[in-house]
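**Student:** If you want the building blocks of each chain, they are given just below.
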Amino acid sequence: MKATQFPASASGVTERVTGFMAHLRDNGLPLGVAETTKTLQSFQHIDITDQHQVRLAFKVICTGHHDSYSQFDDLFDSYWFNHGRERSAIAQTPNQSRQNNHSRFQPGVDSTRSSSDDGEAEQPDGDSSDSEASASGEGRLIASKTTNIEKTDFRELMTPESLQQAEAVALKLARAIRDKRSRRQRAAVRGAKLDLRKTIRASISHGGVPFDLYRRNKPDRPVKIVALLDVSGSMTVYARVFLSFLKGLITHDTQTDAYLFHTSLVRISDALRDHDTFRAINRLSLMAQGFGGGTKIGSNIKTFNQQYAARTVNGRSVVIILSDGYDTDPPELMACELKKLKKRNCRIIWLNPLKGWKDYAPVARGMAAALPHLNHFAAANTLESLAALEPHLKRL
Amino acid sequence: MSWKSLQATLADNGYIASDELAMAVHLSVSLQRPLLLEGAAGVGKTEVAKKLAALNGTKLIRLQCYEGLDASTTIYEWNYQKQLLSVQAGKGDADTERLEQRIFSDQYLLKRPLLEAITQDKPPVLLIDEIDRADEEFEAYLLEILSDFQVSIPEIGTITATSYPLVVLTSNGSRDLSDALRRRCLYTYVEYPDAKTELAILQRHLPDIDASLAEQIVSFVQLLRKEELEKKPGVAEMLDWTAAIAGLGIAKLSDNPVELQATLVCLLKTQADHYNIPREITERLVGQAVP
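Protein chains in written order, with my numbering: chain F, 8 to 403; chain S, 7 to 297.
Since the hints were derived computationally from the structure, they do not count as laboratory data. Just so you know, these numbers come straight off a predicted model, no measurement behind them. A virtual CB, placed ideally from N, CA and C, is assigned to each residue, including glycine.
30 Å max Cα-Cα, derived DSBU-like pairs, lysine-lysine:
1) Lys349/F - Lys237/S
2) Lys232/S - Lys346/F
3) Lys205/F - Lys117/S
4) Lys45/F - Lys56/S
5) Lys232/S - Lys349/F
6) Lys350/F - Lys237/S
7) Lys275/S - Lys349/F
8) Lys347/F - Lys232/S
9) Lys346/F - Lys237/S
10) Lys275/S - Lys347/F
11) Lys237/S - Lys347/F
12) Lys45/F - Lys57/S
13) Lys56/S - Lys202/S
14) Lys117/S - Lys225/F
15) Lys117/S - Lys88/S
16) Lys232/S - Lys350/F
17) Lys10/S - Lys45/F
18) Lys128/S - Lys45/F
19) Lys346/F - Lys275/S
20) Lys88/S - Lys200/F
21) Lys45/F - Lys65/S
22) Lys88/S - Lys205/F
23) Lys56/S - Lys128/S
Across the chosen pairs, the derived CB separations fall in these ranges:
24) Ser78/S - Pro337/F: 43 to 51 Å
25) Thr102/S - His282/F: 53 to 61 Å
26) Ser184/S - Gly214/F: 41 to 49 Å
27) Ile55/F - Lys202/S: 24 to 32 Å
28) Gln48/F - Asp261/S: 50 to 58 Å
29) Arg197/F - Leu91/S: 24 to 32 Å
30) Asp33/F - Lys202/S: 32 to 40 Å
With the hints as extra help, turn the sequences into a complete structure.
**Tutor:** As structure tokens, then:
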């Protein structure tokens with residue numbers, strides 16, 4: 008077994024341990040001085056000449072996650088026993104898994120890291136030709152169906168009235184989803200239960216007669232809606248209607264969040280809050296069409312998980328994805344990212360315009376991979392189908 | 007006590023711990039840090055806490071988490087009925103100051119699990135079970151207690167711990183826990199036991215079982231876990247199944263396929279899993295498991 012050559016200056020245990028901590032930190036484990044102290048303390052309780060024990064102690068203290076837990080042994084070996092591995096190669100893998108592991112929200116570190124590591128924004132040029140080619144089998148199918156739609160319901164939907172109608176439907180849906188009550192209780196002016204603590208306290212001044220009654224009630228905990236809209240080539244015919252739908256979701260509260268995606272992800276919540284519906288929609292759809300090209304649902308959900316999910320998605324969130332499910336990313340990526348999103352305890356609804364068609368089956372590989380992670384999968388090709396969602400969403 | 011002897015003692019008490027788990031428990035005891043155990047349901051996370059309490063001869067204080075858990079059910083609550091009576095009874099007493107002091111004293115305080123755990127004479131084991139079911143607000147309550155072992159009550163003041171409890175948190179990973187909580191804990195991911203460990207567990211719990219049957223059972227369950235299942239059978243399910251097989255007097259798994267299929271109710275807990283493991287698959291697995 009080859010042991011690491013330490014610099015002459017790093018003589019003591021403390022320095023080597025500090026070096027190891029720095030190594031772990033480089034590889035994306037969120038460690039601070041407290042962990043270093045903890046490990047040094049732990050050395051009093053184990054036999055530090057036994058490699059196995061030291062490894063276990065480090066492992067137990069420094070990891071806090073299944074991901075880091077399973078990758079720890081490699082990191083340990085690479086630092087203490089150079090098994091002929093290149094440091095850079097090792098630094099690469101964990102960084103990647105750190106990116107997957109977006110659950111940690113570290114404002115300082117993440118923002119710089121994702122901008123330098125995250126090559127998605129630069130990638131499409133080199134990548135798109137290849138991805139388009141690989142998806143060409145399905146691409147042709149979409150194109151023919153698209154023209155079909157344009158002839159039937161597209162023009163009708165483009166009138167201002169129907170856009171307004173889409174907004175109204177969205178508003179109804181948002182209300183249906185949002186009406187959720189917490190199981191907690193808070194002091195309130197009106198409420199079903201007495202706040203005994205306050206009441207008794209106040210009764211003392213009346214000689215023990217509970218004269219003033221204070222109450223408790225369950226506070227409203229609005230369910231937060233996060234909408235992700237696919238505006239790639241195959242979805243452009245629906246883009247405007249769905250944008251007004253998003254606008255309907257978003258206008259009446261400050262909590263809802265909306266995003267567009269094609270090959271990259273854009274947050275549009277603020278733009279959508281523009282009071283002029285037509286102006287906002289035109290601006291956005293122009294912006295969306297400018298990108299065109301393929302859809303990268305998997306990597307977009309990944310970006311969302313990394314950059315926005317920690318702030319916007321929790322147990323009281325409903326994530327609505329509006330997409331046809333044709334993805335140029337491998338379906339495993341989408342499944343994996345949806346699973347991660349689901350870990351945040353949110354509910355995921357996928358609205359697929361294709362589902363409204365006769366004989367549609369979710370055979371697109373991406374869609375099939377996504378299905379097990381969805382709470383609800385529904386059609387969204389007409390306003391009626393959107394309106395029909397209401398009872399389902401109420402139940403979620 | 008070194009970690010190896012801890013592992014051995016646990017084994018004597020009927021819990022076979024992996025090296026990682028034994029080291030985690032050992033360090034958690036000696037560094038007085040909470041221990042966070044993650045893993046699938048049925049791998050024996052809760053059992054660790056129970057065994058530790060039995061081992062140290064201390065009280066096990068258990069807090070089962072659910073959504074909406076709040077301070078009054080986990081930390082403390084005033085005994086309102088008693089306070090009310092006391093206020094009524096002390097009506098003649100004009101000194102409100104003294105009255106207030108009386109009814110907000112220790113005897114009117116109802117201790118809930120977390121407060122109870124830090125006010126024991128002998129350090130207990132505090133089991134916070136399925137922490138991922140509680141909401142984020144509850145995690146925030148927990149942080150104060152886990153880092154300082156103290157509770158602030160406005161009417162009384164701060165209650166500091168008389169003894170540091172050994173805290174074990176378990177999580178099924180149904181939701182991500184906050185980093186702040188993770189960082190305060192020592193962490194171990196508990197895996198399904200390997201065949202050797204599982205056999206040891208089986209023999210520890212049901213010593214009367216025939217050795218070759220035990221081996222068949224363990225390898226069948228291990229194979230079954232590799233199938234596509236919604237809910238993989240845990241150790242507890244395996245033990246139930248073994249008891250069922252022993253109770254039915256089955257000597258060899260391949261003897262009676264119909265009866266065997268019927269006993270799978272002990273292992274498969276969802277309708278989809280029953281559908282996914284029809285008799286043919288059971289027979290194939292038995293074929294692989296029985297030498």
